[in-house]
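Chemist: If you read the sequences in order, they're chains A and B. Each residue of the first sequence is one higher than the last, beginning at 1 in our numbering. Each residue of the second sequence is one higher than the last, beginning at 1 in our numbering.
Certain hints may be false.
[Stated by the list, open to error] Lysine-lysine pairs mimicking DSS-like chemistry, simulated, CA-CA at most 25 Å apart:
id: 1; chain 1: A; residue 1: K578; chain 2: B; residue 2: K395
id: 2; chain 1: A; residue 1: K558; chain 2: B; residue 2: K395
id: 3; chain 1: A; residue 1: K554; chain 2: B; residue 2: K395
id: 4; chain 1: A; residue 1: K556; chain 2: B; residue 2: K395
id: 5; chain 1: A; residue 1: K574; chain 2: B; residue 2: K395
id: 6; chain 1: A; residue 1: K556; chain 2: A; residue 2: K584
id: 7; chain 1: B; residue 1: K395; chain 2: A; residue 2: K580
No wet-lab data here; the hints were simulated from the structure.
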Amino acid sequence: MLPFAVAMTDLTHIRNFSIIAHIDHGKSTLADRILEMTGTVAERDMKEQLLDKMELERERGITIKSQAVRIAYTARDGQTYQLNLIDTPGHVDFTYEVSRSLAACEAAVLLVDATQGVEAQTVANAYLAIDNDLEIIPVLNKIDLPAADVAEAELELHELTGASHEEILLVSAKTGEGVVDVLEAVVGRAPAPSGDPAAPARALIFDSEYDQYRGVIAYVRVVDGHFARRQLIRMMGTGQQAEVEELGFFGPDMKPAERLETGEVGYIITGVKDVAHVRVGDTVTDARRPAGEALPGYKVVRPMVFTGLFPTEGDKFEDLRDALEKLKLNDAALSYEPESSSALGFGFRCGFLGLLHMDIVRERLEREHDLELITTLPNVEFHVYLTDGTLQVVRNPAEMPDAGRIERVEEPFVSASVIVPSDYVGAVMELCQGRRAEFVDMKYLSPHRVEMHYRLPLGEIVLDFFDQLKSKTRGYASLDYEFWGYRESDLVKLEIVLAGQPVDALSLIVPRERAHARGRMLVEKLRQKIPRQLFEVPIQAAIGNRVIARETIKAKRKDVLAKCYGGDITRKRKLLEKQKEGKKRMKQLGVVEVPQEAFLAVLELDAGDQSR
Amino acid sequence: MQPRDAFAGPVRHVYVHVPFCAARCDYCDFYSEVVPLRRAEGGAPEPAKPAASAPLDRFVDAVSTEWELERAAHEVHGVRTLYFGGGTPALLGVGRLERLYQAFAAQLTAHAEVTVETNPDEADEAFAVWAARRDVRISLGVQSFLPRMRAALGRRPAADPSAAVRRLRAAGVRDISVDLIHGIPGQTADDVDHDLVVLADLAPDHVSWYELDVVPGTSLARRHPQVPSDDERAALYRQVVRGLERLGYRWYEVSNFARPGRRARHNVAYWRARPYLGLGPGAVSTVGGRRWRDAADVADYVAALDPSPRDLPSPQDLSSPRDPSSPREPSPPPREVESLGRETLARERLMLAARCGSAVPLADVRPVLDPGAVAPLVAAGLLSLHSGRIRVTRKGRYVGDEVCVRLFRA
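My request is simple: use the sequences and hints to build the entire structure.
Modeler: Structure below.
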C-alpha cells in the first residue's frame, strides 16, 4: 500500500511540480526514474516512457498529452510528502499544454540536456514558468555522457534563470545519479500550495480526457476547500451541474479516493458525456456553496494550421467524420468542418496547432481508425478584406476571392526565437531572409550560443522551416515561436490547371514575388509525379487567367504485352484486371489519372525553393 | 465471322505442347525438360543417352491417347489447324514427329494448317525433307540474326539461322515463319535494321517479332540490370512495325506480321476466341465456358495417360515411380480448371480484339465497359466507333493494354 492511502495530507506536505524541457532532453526518462525510485510503480510494471500511454507517443519518443501522477516521497528530513508530478509535452505545437499544466503547479523542474545546452523550448518554457510565478529548479541531465559540457550548459542556465552554481543540479536520469537531489529540491525549494481549506471549494480543470464508458474525466488541481464523492458540483464557466460519481488521483493509474483536499491534484468523473460542458480552464466549485470568483482560466486554443483531409475512397467520408469526432473529444485544439473538392470529393478542412499536431492526428486517423487519407497542402488562416469593406476568413486557398474584389490580405505572423551556436548565425540569417522574416534582435546566451529573434509569417514556418533550420545548422538550432498578430502581405492565389481543368486541391496562396518560382517548381514536380497517360497532359500554373508556368506530360508510347496465345489469355486478362484494380488508388480529374502522391507534391516545394 | 459466344461450338483447333529442349533459354517461360543431345556428323540429333529416348516415345503415345480421350469428350470436327509448340518439337526427331502427325492425320481437313516449331539447330536436312513432304508450316526460333544479340539472350551457340531458312526452302517447305525479339539489352536501331535487311533477303512468309520482357529476378535480368527505357523500347517497336510493313508484311496482331494470306490461322483462332484443345503437359484448352491446363509435369502426364507397366528403362528425371494402385485405364492428366463467366469472356473478347485491331459490337461488351471511357479514347484517336462497333486503332494498338484497362468498368 502506498503511504498516502492515509488520505489526509497536510497542505505543507504537498508539492505540485512539472518537468519542463526542450524535446528530447530526457523529461520522460527522469519521470520514469522518479516513479521507479519512489516505488510509485512496482519494478515489474516498469517500462520506458511510463507516462506516455499513447502508442504513438511511445513509438516516436515524444509526449503529446499531459499526465499527472501522485508520488509518496519520504525525504531526508524523515517526513513523507505527497508530490504531484505533471508531465508535459516538449514540442512547440503543444506549448499550450505546458502552460495549462504549469497553472496547476508551484514549481517546475527545468531540465536541460548537458550535451545540448539551453534550447528554444527551454527558454520558452522557462518564461512560461516565470509568468506563472513558479519556483524554477534548474537541472542538467545526461551528465554521464562524454559529450556533456556541464560548465557551458551551467552558464547558459545561469543566464536564463539567474540560478547560482549551487542551485543547478546535476543528474543522469538514465543511471539515476542525482535524481534524489531533484526530489529533495522539490521538497525543500518548492512552496507548499497556498489555498484555503476552509473556503468554498474551487478547482482548476487543467486537462480532460474522454472515456467512452465513463464520460469526461476532468484533471483538476484543487485550489481551495475540498471535493468529495456524491458532492454536487458546478462548472463556473458553463454552468453545468453534476454529481461527483468518482474522484481520486493518479498513481499512475486512476485510484479512487473519498476526497480531494486543498492543494491536491487528481481527477473528477461526473458522468457528463459532453466535453463541451467540462471545458479545460474552467473552475469547478461546490454547487451548494459556490465560490464567488472563478480561477483565471486559459486562453482558448486556436488552430493555426489548416489542411484538407480527404478519404482516398469516397465512401469513407462518414467514417472520417466519426473518427474526427472521437479524436476531438480528447483534443480541444483540433477543429474540422466539412469541405468538398472537385478533385478529391468530400472531406474536411481541419485545423491544427502545428505540423506535428497535424501529423499526429493524421497518423491516429489512419492507424486507430483504419482510414487512408489524402492531405492537401497545409496553410494558415488568411484575413481577406474585400473592396466592399467586409472581412472574409480564408482557410482554404480554393476559397480565395477574385483578385478584383480584394482590397488587402493579411496573414498571421509569429515571433520566433532561434537558439544556435554562434557559428551558424549566418546560415540562420540566410534562411530567414528567404522566408520574408524581419529581424528583431539577437543576444548571446554564452560566448558560443546565440538567441535570435525574428518576426515572420507563420505560413513560412508551417511547411519545412524547422527541417531546413535543422539541416542548415547541422541539427544544432532549436526553434520556438508564438503568435504575434496579423499583418498585410502581398499574396496571390496560384492555381494549377491540369489538361485544361483547374484543380482546386492543388491551389495555394503565395507571396507575389515568389509566385513564378513556385509555379515553375510545382508544375515540374507534378510532371514527375503524374505518370504518363494515353493522352498528352499539359500542366499549367496560373495566377488568375495568366499562365506563368507550363509543363507537358508526354503521352505513353507503348503499353502492350508482346505475347498472348492460348495459354496466356487468362494470365494476361488477370494482369489487366489487376491494373484496373490498381487505378482505384488514382484520382480521376477529367481524363487525367492522378496518383495520390501528386497531391503531396506541393509539400515538397520549399525544400527546392531554398536551393535557389 | 465472329461467333456470338466466345469459345463456343465444335473444336477445330488443336495445340500440342512438346516439352523437351536441348537447353533452357533464360527468357522463355514455357514448360520444358532438358534432353541432352548427341549429334552425329551431319545426321539427325538424337538424345545423348539411349535411355533418354524412351520417355520421348512414351510422350508421343501419351499425346495420342489424350487426343483419343478428348475427341470422345468434346465435339471435334475436322481439324483446321494443328500446332506443335514447345519446347522444341523438332527435337523428337523425324520418326516420332511422323508418328505424332499420324495420330491426327485422319482428322485434318484438306487445307489444314499444321505448324511445327523448331530452332535452327534442329532444322536439319532430314527434318526439312519431312516438313516439306507433310506440307508443314515451320515456325523458326531465330530471336536475332546477330550472334551478338543471341549471346545477350543467353542462347547456346546455334547454327546460322539464315542457312536454316534456306535449307527449309530448298527442301520445299512452303510456309515459313520466323520468330524474332526486340528490346534485347544493348540492342540498337542499327541492330534491328540488320535483322530487317536479313528478312528482306530471306523473305519468310510470316514474322513474329516480340518485345523482350525482362522479368525481374531471372538470370537474364541479373545479367542485364540496365534495361532500355520505355521510350527507347517504344522506338524500336515502331521501327519493327514500320520496317516490316515496308517489306510488305501486314501488322495483324501486336507482335505478328504476315504476307497476304499467310497469317497464322492457328493463332488467329485464339484471338477470335474459337474453342481449342491443348494436349501435352502445360497445354491449355478452352471450350465453352471452361478453360483448363494439363499439369506441367511430363512424368505425371505420361503416368496418367499410359498406366500400363512397361519394362522400359526410365530415367528418374522424366518419370516418377509407378504407383501400383494407380488405375490401369488411361485417364486425363491432372488439370487446373477455370470457369469463365460472361463478364470474364467479355473482357477477354475486348482484350483480344484490341490486340488485333478487330471490331467488337458494343452490345457484346457492354456489361464490362465503362461507358465514359469511350469518348476520350475516340477523341485521342486510339479507338474508333462506327455503327455500334468499337475498334482499337493502329495508334491505340501500341498502348492496347492501357486502352483496355481504361475501357474496363471499375
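Chemist: Please go over all the hints and tell whether each is borne out by the structure.
Modeler: Outcome of the hint check:
1. A:K578 / B:K395: Holds: K578 of chain A and K395 of chain B sit about 24 Å apart, inside 25 Å.
2. A:K558 / B:K395: holds, 10 Å
3. A:K554 / B:K395: holds, 15 Å
4. A:K556 / B:K395: Given that 25 Å is the threshold and the Cα spacing comes to 11 Å, the pair holds.
5. A:K574 / B:K395: holds, 24 Å
6. A:K556 / A:K584: holds, 20 Å
7. B:K395 / A:K580: This hinted pair holds, its Cα atoms lying about 21 Å apart.
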